[in-house]
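Participant: Chains as they are written, first to last, in this note's numbering: chain S, 1 to 284; chain C, 1001 to 1141; chain Y, 2001 to 2693.
In case anyone wonders, no lab produced these hints; they're calculated from the structure. Any given hint could be a false lead.
[Said to hold, decoys possible] Under the rule of at most 25 Å between Cα atoms (straight-line distance), these lysine to any residue pairs were calculated in the SDA-like manner: (1) Y:LYS2118 to S:ALA210; (2) S:LYS193 to Y:PRO2404; (3) Y:LYS2281 to Y:PRO2374; (4) Y:LYS2680 to Y:GLU2556; (5) Y:LYS2118 to Y:PRO2135; (6) S:LYS2 to C:ARG1044.
Each chain is listed here by its residues.
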Amino acid sequence: MKESIAEPGILVNLRSIPGLDQIEPGDAQWVLGAGVTVAQIEDHAGLRRAFPGLHEAAAEVASRQIRNVATLGGNLAQHSRCWYYRHRDIYCLKKGGDTCHAREGENKFHSIFSGNPCISPMVSSLAVILTALDATVVVQREGETVTLTMTDLYQRAWDNPTLHHSLDRSDLILRVEVPTRWSRSAYLQVAEKAAFDWATVSCAAAVRVADGRIQEGRVVLGSVAPVPYQVAAANRLLQGQTWSDALGGSVAERLLRDATPFAHNGHKVPIARALIQRALRHVS
Amino acid sequence: MRDHAGLTGAKEVCDRGTCGACTVLLDGEPVYACMMLAIQAQGREITTVEGLARNGNLTALQEAFVDKDASMCGYCTPGFVMSLTALLRRNPHPTPADIHHACAGNLCRCGTQPRIVQAALQASGVEVLSRTEVISYAHLA
Amino acid sequence: MPTWPEKRSVLGRRVRRADGPLKVTGAAKYTSDVQPAGCLYGMILRSKWPAARVTGIDLSEAVRSPGIKAAILVRDGERRVRYYGEELAAVAGTTKQACLDALRKITVRAQPLPFVVKEADGIQPDAPRVWDEAPNLSKPQVTERGQVDQAFAEAEVVVEGTYSTQVEIHHCLESHGNAAAWDGDELTVWSSTQGVFSVREGLAGNLGVDQSKVRVISEFMGGGFGSKFGPGVEGAIVARLAKQANAPVKLMLSRFEESLAVGNRPSSIQKVRLGATRAGKLVAYELDSYGTAGVGSGAATEGGGGGAEFPAPYIYTIPNTRVQHRGVALNAGAARAFRAPGHPQASFGIESILDELAVKLGLDPVELRLLNDPSEIRQREYRLGRDRFGWREKYRLPGSSPGPVKVGVGCAGATWGGGGGGTRAQAQINPDGSVEIRCGTQDLGTGTRTVMAMVAAEVFGLPPEAIRARLGDTAYPPSGGSGGSTTAASVSPAVYDACEKALAELQQQTGLEDVRGENWKPACRRLGLEPLVVSGQWQKGLSSSGVGGVQFAEVEVDTETGLVRVRKITCVQDCGLIVSRLTCESQVNGGIIMGIGYALYEDRVMDAGTGVVLNPNLETYKLPGIADIPEIDIVLVDMPERGVIGIGEPVTIPTASAIANAVANALGVRISSLPITPDKVLAALGQVKELTA
Chain S
1 MKESIAEPGI LVNLRSIPGL DQIEPGDAQW VLGAGVTVAQ IEDHAGLRRA FPGLHEAAAE
61 VASRQIRNVA TLGGNLAQHS RCWYYRHRDI YCLKKGGDTC HAREGENKFH SIFSGNPCIS
121 PMVSSLAVIL TALDATVVVQ REGETVTLTM TDLYQRAWDN PTLHHSLDRS DLILRVEVPT
181 RWSRSAYLQV AEKAAFDWAT VSCAAAVRVA DGRIQEGRVV LGSVAPVPYQ VAAANRLLQG
241 QTWSDALGGS VAERLLRDAT PFAHNGHKVP IARALIQRAL RHVS
Chain C
1001 MRDHAGLTGA KEVCDRGTCG ACTVLLDGEP VYACMMLAIQ AQGREITTVE GLARNGNLTA
1061 LQEAFVDKDA SMCGYCTPGF VMSLTALLRR NPHPTPADIH HACAGNLCRC GTQPRIVQAA
1121 LQASGVEVLS RTEVISYAHL A
Chain Y
2001 MPTWPEKRSV LGRRVRRADG PLKVTGAAKY TSDVQPAGCL YGMILRSKWP AARVTGIDLS
2061 EAVRSPGIKA AILVRDGERR VRYYGEELAA VAGTTKQACL DALRKITVRA QPLPFVVKEA
2121 DGIQPDAPRV WDEAPNLSKP QVTERGQVDQ AFAEAEVVVE GTYSTQVEIH HCLESHGNAA
2181 AWDGDELTVW SSTQGVFSVR EGLAGNLGVD QSKVRVISEF MGGGFGSKFG PGVEGAIVAR
2241 LAKQANAPVK LMLSRFEESL AVGNRPSSIQ KVRLGATRAG KLVAYELDSY GTAGVGSGAA
2301 TEGGGGGAEF PAPYIYTIPN TRVQHRGVAL NAGAARAFRA PGHPQASFGI ESILDELAVK
2361 LGLDPVELRL LNDPSEIRQR EYRLGRDRFG WREKYRLPGS SPGPVKVGVG CAGATWGGGG
2421 GGTRAQAQIN PDGSVEIRCG TQDLGTGTRT VMAMVAAEVF GLPPEAIRAR LGDTAYPPSG
2481 GSGGSTTAAS VSPAVYDACE KALAELQQQT GLEDVRGENW KPACRRLGLE PLVVSGQWQK
2541 GLSSSGVGGV QFAEVEVDTE TGLVRVRKIT CVQDCGLIVS RLTCESQVNG GIIMGIGYAL
2601 YEDRVMDAGT GVVLNPNLET YKLPGIADIP EIDIVLVDMP ERGVIGIGEP VTIPTASAIA
2661 NAVANALGVR ISSLPITPDK VLAALGQVKE LTA
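Turn these sequences into a full structure, and let the hints guide you.
Facilitator: Structure below.
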């Protein structure tokens, strides 16, 4: 709003809707209201025990001042941080124009995967860990309540350059349900600054371990694609395996196979590779 | 806050929630004043830097800021003071890492950060000794 | 010639900053906090084109916009604009929103012109010209000493490399801005400035009024770093708006505007060649450098100007040197003085190639410097710093640290002039014993108030808290701009002189021999009703110029992610007479931290396609945060016999060079362009695939 990218005539304060700011533990799943602040997630001791990766991701979100007001729903539905999109005097593809300036321009922070000509990446760190945790999102849509997977929540942005997520204008995120079946989870990011900086690449991993073997695993990347990026085939590589660096390497290779970096963001590939290894090593 | 209440301690530096100079406490928790509409604060308690010292007595943190020279131009100082006031209430014995985490959202251009960490530690009761030395040139081999 | 007292009881001590309590309570009033009754807001309309011919600007709708009390053109008639963000028009209104709305109602007729915003594009012969009269790339300024070609031919070792530094933005936390109020034909301006007198001079000239009718006040200011000496275009605008509106107007720039139009440090692209004997003695040096000062390159000469030069071969004395500097004009905001103008660039080029030479010769980088550095002071500082830093234990052959997180060390030296002069001060001793010191200098956050109080306290035998130091007002005795690390060296002698004279006067008037310390109050009471007011001025002998300083850096580099983290900086800095130890140490921290920003994070990013600054904010123009700051170990070298010398600038010069050398030492490959970001580190390590498309 301050850069006049959005000029709404009416603002509705979602924070005044009762009941959206609750964190409810459960045996099969935890339920987090869309109005829960990122600071609430960061500070919640039980949540931290259940989902360490979610705590780690929340603690990396912006700064304490932002986390105190930023909500889970807002974090998931946030818009692109692309510096062309955010510039008040640049009319780009994402704003409805016909050019993605980043493709031939300053694309150091942009996507290495995209299903459309806009290469501004999805940067929500909570989305990355919640995707790894196989969370579902309950959305109020035209009077109905629908449940979306995290993949559903972003899928439409994969091939539509003007979108940031799959939500329609009247959709409202009500809550996020996080299954407890994971044994361990982790979130890591690399940013140029030690804190309060957007991730160059972020990576979340979650595994279910039984009998010393990984029964099920998820690895998800952020800041590399218009959606939280995962590859089912890469996740499958983990199934039934015990941890080794070689396993991590092959997951990374599979996950990054289709990367198409631009002139200034080729470094995201080795950074992603390192983070995939480290996150998996950590949870395994 | 600044224009109507005359409370100019909180500064406008970036106006985009990136620098922390406008940090105030909303019901005791630090927030960026520049990222909050007045209507969102309805019915809630706002503490600005002007509200910390009582009857001219600086808080322990403010005293420590002066002692350790944790301000230079002073423009970022109120914001840091507010972030750390909230931290010390939440966690009276912070580690340097806790202090870094609490102040990640505050920028300083003059370079007071090392002394801000020292001030916060001192305010938490940890004695911080400066290792800085003055050596006479004559004694320099 | 006067001298400082041999025995000093206040000077050199750690004394609390005089205005510290005001700063920690929010009571300190900066220009942005000033709100004269009925004050309006001012706001500027800026060019959306990086280059254009502006044929007409229509203010009529803006004038009629609700709440608008004044609207002006910055310049009448047809004009060229040469960068995105150049000032076109301005309004004053009752609220910021009223101004924002009004700016949107101004229509600008303009014919966009081709533009160029990248150095590499700007030097091309067919690049669009920023100034019509000459090509963007200036004619080289060449200085040559000795027999360069012959020396290179005979040199036993030659190394060469290209080193580049980025455009850095000052980003003072208080933006540039002023509040202006007219009373008849007299103008009062509150200004966020490094020079109240230079702002007065600039404004009076610009407005065509007598200097005597302009008063400039800057009681507190939120940082300058070289960018705030004059009133700027925005200063003239606010005075004109206030005149037209017949009401006070305050105009503070936004962070966005700060990124475009109020100065920066020029870039440099330095091709360096260095010849030496096998023992490491430097014999030949050649530099071919260019850089941009934006539209400032060529502004004075309407094309082909410089603005990006720097001293070379900097602190080293080499018998045969050829130095060539060129400036390239670009459609970008003009450079301004920036903390140690030219020196960090100069240091980065020479200290980088010097370490390359050390690698080639298999020499320890400190030894190489001891062999070539002509300064005895820095020689001693290197030896002390080496031990204190633990250089011998930490230094390993380049790249030999085990990975994946490799550790490395580096060092670099600096020089700076500084020096004092041209300042007057006034001491007022009141009958109740209270003391006021007045000087028309300003406190940038360096601690000038504290310095003034400490000097007076030393002379009068009083505690510094007993002295009220007043500054930042052209109503006080004149002093120069606070730049070039000259403030302490200018102000301290003037205050000393005034206080010494006041002390003598007090003795004479009261007939008392000893009026200091506990005799002070009874003596002052004898003044009766009339305070004693005595003027003094800067005196030779109490200050001098020329400092060195060396720094050591220890870094760790994650070779898998490209992240660099500075672990430690050790700084050994000669200081002359240390006046205020606490604020002096703070300045050293500040210089080093600014150097860390220059080394690792800061970079103004221009977009070749649109001509705009892509990171006009503190989100993507990255200043170091508190977690990015390493352990900083400071040794101040006290040389009281030299008098007061400023140190604000030398301490920022060698930091980035030392860090870059430490990174090269860790990795065994050099990242030769600042800032050293993960993408560059990974590319240097061969981890980024070359694009085939």
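Participant: The structure should be examined with respect to each hint, and the outcome stated for every one.
Facilitator: Here is what the structure says about each hint:
1. Y:LYS2118 to S:ALA210: Cα-Cα ~57 Å, so violated.
2. S:LYS193 to Y:PRO2404: 19 Å, holds
3. Y:LYS2281 to Y:PRO2374: Judged against 25 Å, a Cα distance of about 12 Å means the pair holds.
4. Y:LYS2680 to Y:GLU2556: 15 Å, holds
5. Y:LYS2118 to Y:PRO2135: Answer holds: LYS2118 of chain Y to PRO2135 of chain Y is near 15 Å, not above 25 Å.
6. S:LYS2 to C:ARG1044: 24 Å, holds
Of the numbered hints stated above, the single one contradicted by the structure is hint 1.
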